[in-house]
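S.K.: Chain by chain, the residues:
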Amino acid sequence: AQTVTQSQPEMSVQEAETVTLSCTYDTSESNYYLFWYKQPPSRQMILVIRQEAYKQQNATENRFSVNFQKAAKSFSLKISDSQLGDTAMYFCAFMNIGGSQGNLIFGKGTKLSVKP
Amino acid sequence: EPEVTQTPSHQVTQMGQEVILRCVPISNHLYFYWYRQILGQKVEFLVSFYNNEISEKSEIFDDQFSVERPDGSNFTLKIRSTKLEDSAMYFCASIPPGLAGEQFFGPGTRLTVL
Chain A
1 AQTVTQSQPE
11 MSVQEAETVT
21 LSCTYDTSES
31 NYYLFWYKQP
41 PSRQMILVIR
51 QEAYKQQNAT
61 ENRFSVNFQK
71 AAKSFSLKIS
81 DSQLGDTAMY
91 FCAFMNIGGS
101 QGNLIFGKGT
111 KLSVKP
Chain B
117 EPEVTQTPSH
127 QVTQMGQEVI
137 LRCVPISNHL
147 YFYWYRQILG
157 QKVEFLVSFY
167 NNEISEKSEI
177 FDDQFSVERP
187 DGSNFTLKIR
197 STKLEDSAMY
207 FCASIPPGLA
217 GEQFFGPGTR
227 LTVL
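Quick note, the sequences are listed as chains A and B, same order.
Mapping the first sequence onto our numbering, position 105 (from 1) lands on 105, and the numbers just tick up by one.
Take any residue in the second sequence, note its place counting from 1, add 116, and you have its number in our numbering.
Please keep in mind that the hints were generated in silico from the structure rather than gathered at the bench.
We put the CB at the ideal spot given by N, CA and C, even for glycine.
Hints are supplied without guarantee of correctness; some may be wrong.
To be verified - What the simulated footprint calls covered on chain B by chain A, stretch by stretch (three residues with Cβ under 8 Å from a Cβ of chain A suffice, anywhere in the stretch; the number is not a length):
hint	stretch
1	149-157
2	161-173
3	199-213
4	221-230
As the list claims (entries may be wrong) - Each computed BS3-like pair below joins lysine-lysine, with the alpha-carbon atoms no more than 30 Å apart:
hint	chain 1	residue 1	chain 2	residue 2
5	B	K158	A	K111
6	B	K158	A	K108
7	B	K199	A	K78
8	B	K158	B	K194
9	B	K199	A	K108
10	A	K70	B	K173
11	A	K115	A	K55
12	A	K111	A	K78
13	B	K199	A	K111
14	B	K199	A	K70
To be verified - Here are a few chain B residues that sit away from chain A, every Cβ distance over 10 Å (derived from the structure):
hint	residue
15	P118
16	V140
17	N144
18	P186
19	K194
For reference, chain A alone in the conformation it holds in the complex (with noise of 0.2 Å):
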């Protein structure tokens, strides 16, 4: 079974600083994606970005960037010049691509604050 490790509970940052989320997972599928959700305290799921575990290249989504360290099974979230909207519960979350109907699994989750 897939597992998604978050080791940091809570997070903070002072705006417009950079802050990096850590994510492990553990699974012996070679094919599925890897995704950072955050949710609000309005508690709406929304999906900030996404990688393919076949792609070598880190994805980037303006400040948003990971480090997908693919054989040590690592995903971490950078957040690039922070904004206080940036405060929110990040979750880290797997899906297996290969044999099941992609249900995501998901890690317990870093709150992070920013601070003006």
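Using the hints, position chain B against chain A.
M.R.: Then chain B, alone, in the frame of chain A:
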């Protein structure tokens, strides 16, 4: 931009009652999911649905739960005889054809069991 919708946004019920949570996935999507998030905890997979039948379900999804796609648009989660521990946010999600990766989440229904 099309989006997944869920109703109601908040449901309060008495323990032992039945509730039906409703979702309208994005129209051309084929795979549908329900997830649960107990307050302060991680999001947990409940069930996936494809081609009018359950594809996969977690150990949480026991006989108390059922899902249905009664027409071409709605996707429902029924919880029979609710328990206090069923209080949670329930999220519906869908994926376009081909399992392209991104799951589109609805805004969630907050279920409170008293």
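S.K.: Determine for every hint whether it applies to the structure shown.
M.R.: So, going through the hints one by one against the coordinates:
no. : hint            : in the structure
1   : 149-157         : holds (count 4)
2   : 161-173         : holds (count 5)
3   : 199-213         : holds (count 4)
4   : 221-230         : holds (count 4)
5   : B:K158 - A:K111 : holds (12 Å)
6   : B:K158 - A:K108 : holds (5 Å)
7   : B:K199 - A:K78  : violated (40 Å)
8   : B:K158 - B:K194 : holds (21 Å)
9   : B:K199 - A:K108 : holds (23 Å)
10  : A:K70 - B:K173  : holds (28 Å)
11  : A:K115 - A:K55  : violated (34 Å)
12  : A:K111 - A:K78  : holds (14 Å)
13  : B:K199 - A:K111 : holds (29 Å)
14  : B:K199 - A:K70  : violated (41 Å)
15  : P118            : holds (15 Å)
16  : V140            : holds (16 Å)
17  : N144            : holds (16 Å)
18  : P186            : holds (21 Å)
19  : K194            : holds (19 Å)
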